[in-house]
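Peer 1: Between the sequences and the hints, there should be enough to build the whole structure, so can you do that?
Quick note, the sequences are listed as chains R and X, same order. Per the working numbering, the very first residue in the first sequence carries number 1; after that it's consecutive. Per the working numbering, the very first residue in the second sequence carries number 1; after that it's consecutive.
The set of hints was computed from the structure by calculation and includes no laboratory data. Some hints here could point you the wrong way.
As the list claims (entries may be wrong) - So, partial list: chain X residues that the calculated Cβ filter (under 8 Å) puts toward chain R:
no.	residue
1	47
2	48
3	56
4	58
5	92
6	94
7	95
8	99
9	101
To be verified - Here are the computed lysine to aspartate or glutamate pairs in the EDC-like style, where the Cα-Cα straight-line distance is at most 16 Å:
no.	chain 1	residue 1	chain 2	residue 2
10	X	55	R	208
11	X	50	R	208
12	X	50	X	106
13	X	50	X	66
14	X	86	X	75
15	R	164	R	208
What the hints assert, rightly or not - To give a feel for the contact side, a few chain X residues facing chain R, derived at Cβ under 8 Å:
no.	residue
16	46
17	59
18	77
Here a beta-carbon is modelled for each residue, glycine too, at the ideal position from N, C-alpha and C.
These are the residues of each chain, in order.
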Amino acid sequence: MLKAKVILVALGAALAVPAAMAGSTPEEDRKEAVEYFKQMFPDVPYEEYVNGQYALDEDRRSQWESLQDFPPYEFAVAEGKEMFETPFANGKTYASCFENDGIGVRQNYPYFDEKNNEVITLELAINRCREANGEQPLKYKKGNIASISAYMASTSQGKKFNIKVQDSAEAQAAYQAGKEFYYSRRGQLNFSCASCHVQNPGNWIRADLLSPALGQPSNFPVHRSKWGELGTLHRRFAGCNRNVRAEPLPAQSTEYRNLEFFLTYMSNGLPVVGPSTRP
Amino acid sequence: MRKTIIAMSFTTLALGAAPHVVAEPSQADIDRGKELAFSRKDGNCLACHKMDDGKLTGTIGPELVDMKTRYPDREMLFKRIWDETKFNPVTVMPPFGKHMIMSKDEINRVIDYLYTL
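Peer 2: What follows is the structure, given as structure tokens:
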């Protein structure tokens with residue numbers, strides 16, 4: 001019902017923009033987003049947003065829950081653990097590259113590195129670790145990197161996202177760039193991320209139920225039945241770009257990293273629940 | 001966001017794509033229109049609109065019914081399918097004509113079909 005209202009209001013005032021995330025600081029954006037979705041879905045408890053579309057539809061939710069006894073990503077997580085613990089040729093392991101030996105740190109990624117002025121995602125950190133230890137980087141969208149990232153997420157389950165946007169002009173600019181990306185229309189079909197995940201969560205687009213922006217990164221990497229395997233967040237970004245007939249950007253491009261920075265900041269306070277499953 | 005809207009109003013004003021006045025459409029025109037409206041790679045209207053006997057329709061847009069009563073002015077209907085952002089800058093309906101998702105003729109066939117609903 002509220003969706004109809006949003007559309008009507010928009011038609012009335014030609015310049016109306018959806019009210020979510022129109023703040024002047026990242027924290028204002030986040031609070032507005034929480035408030036916006038609370039009004040849109042008064043019955044959905046805040047912590048439920050980590051479950052994406054399943055927070056919004058009981059039928060889908062119960063089907064999904066009935067499949068949780070044998071999660072299809074279990075094997076990949078075990079493989080990820082093994083790779084994580086296996087020393088590189090130089091004798092060191094991934095643990096040497098991460099705070100707390102890489103255990104229980106997922107909630108701090110991505111972060112803004114003020115030395116090199118760039119956003120560091122977990123997958124980028126994994127590959128940088130490999131390269132620093134003389135190993136070849138892994139491909140970014142699926143396979144080993146998704147397994148390692150899934151293992152690392154699994155050691156962080158329940159920990160709340162705690163992304164920081166420092167006061168520096170560069171950190172703020174990276175956040176703003178991500179936010180702008182989320183709100184910019186692109187592709188022949190002329191959608192922004194917000195067209196679907198801010199204006200229309202809870203609506204069906206053909207046979208797909210749209211999830212809200214809030215909580216979106218919490219369940220990554222994710223096992224999609226469509227993929228038949230685990231995939232990373234940037235694989236999903238590329239898919240959503242392609243669906244609107246926009247040229248997807250490379251995984252771990254500056255644009256996608258900034259986008260992840262913005263989107264994960266929006267989920268601050270929500271727990272890590274990855275890896276999970278989606279259709 | 002504001003920038004996008006300003007840019008949008010300049011570019012859309014320039015497009016005076018008028019539909020040609022059509023005679024009574026043939027059944028073939030209507031069938032073609034339905035095909036275009038339903039096909040995923042053309043109109044894909046079902047992604048958002050309930051209409052006719054379409055299955056698994058989305059819920060983003062209003063149901064497309066009574067089109068003749070609601071749109072006695074064919075040109076108005078054409079303009080909205082051509083570029084709905086002109087009428088509602090924050091709409092999520094793709095600008096089918098402006099972004100060359102469908103040609104003028106194709107949009108006219110879709111309208112022939114819509115007028116049977």
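Peer 1: If a hint holds in the structure, say so; if it does not, say that too.
Peer 2: Hints, verified against the model:
{"no.": "1", "hint": "47", "result": "4 Å, holds"}
{"no.": "2", "hint": "48", "result": "7 Å, holds"}
{"no.": "3", "hint": "56", "result": "5 Å, holds"}
{"no.": "4", "hint": "58", "result": "5 Å, holds"}
{"no.": "5", "hint": "92", "result": "4 Å, holds"}
{"no.": "6", "hint": "94", "result": "4 Å, holds"}
{"no.": "7", "hint": "95", "result": "6 Å, holds"}
{"no.": "8", "hint": "99", "result": "5 Å, holds"}
{"no.": "9", "hint": "101", "result": "6 Å, holds"}
{"no.": "10", "hint": "55/X x 208/R", "result": "13 Å, holds"}
{"no.": "11", "hint": "50/X x 208/R", "result": "14 Å, holds"}
{"no.": "12", "hint": "50/X x 106/X", "result": "20 Å, violated"}
{"no.": "13", "hint": "50/X x 66/X", "result": "13 Å, holds"}
{"no.": "14", "hint": "86/X x 75/X", "result": "14 Å, holds"}
{"no.": "15", "hint": "164/R x 208/R", "result": "33 Å, violated"}
{"no.": "16", "hint": "46", "result": "6 Å, holds"}
{"no.": "17", "hint": "59", "result": "5 Å, holds"}
{"no.": "18", "hint": "77", "result": "16 Å, violated"}
Violated hints, listed in ascending order, are 12, 15, 18; each of the other numbered hints is respected by the structure.
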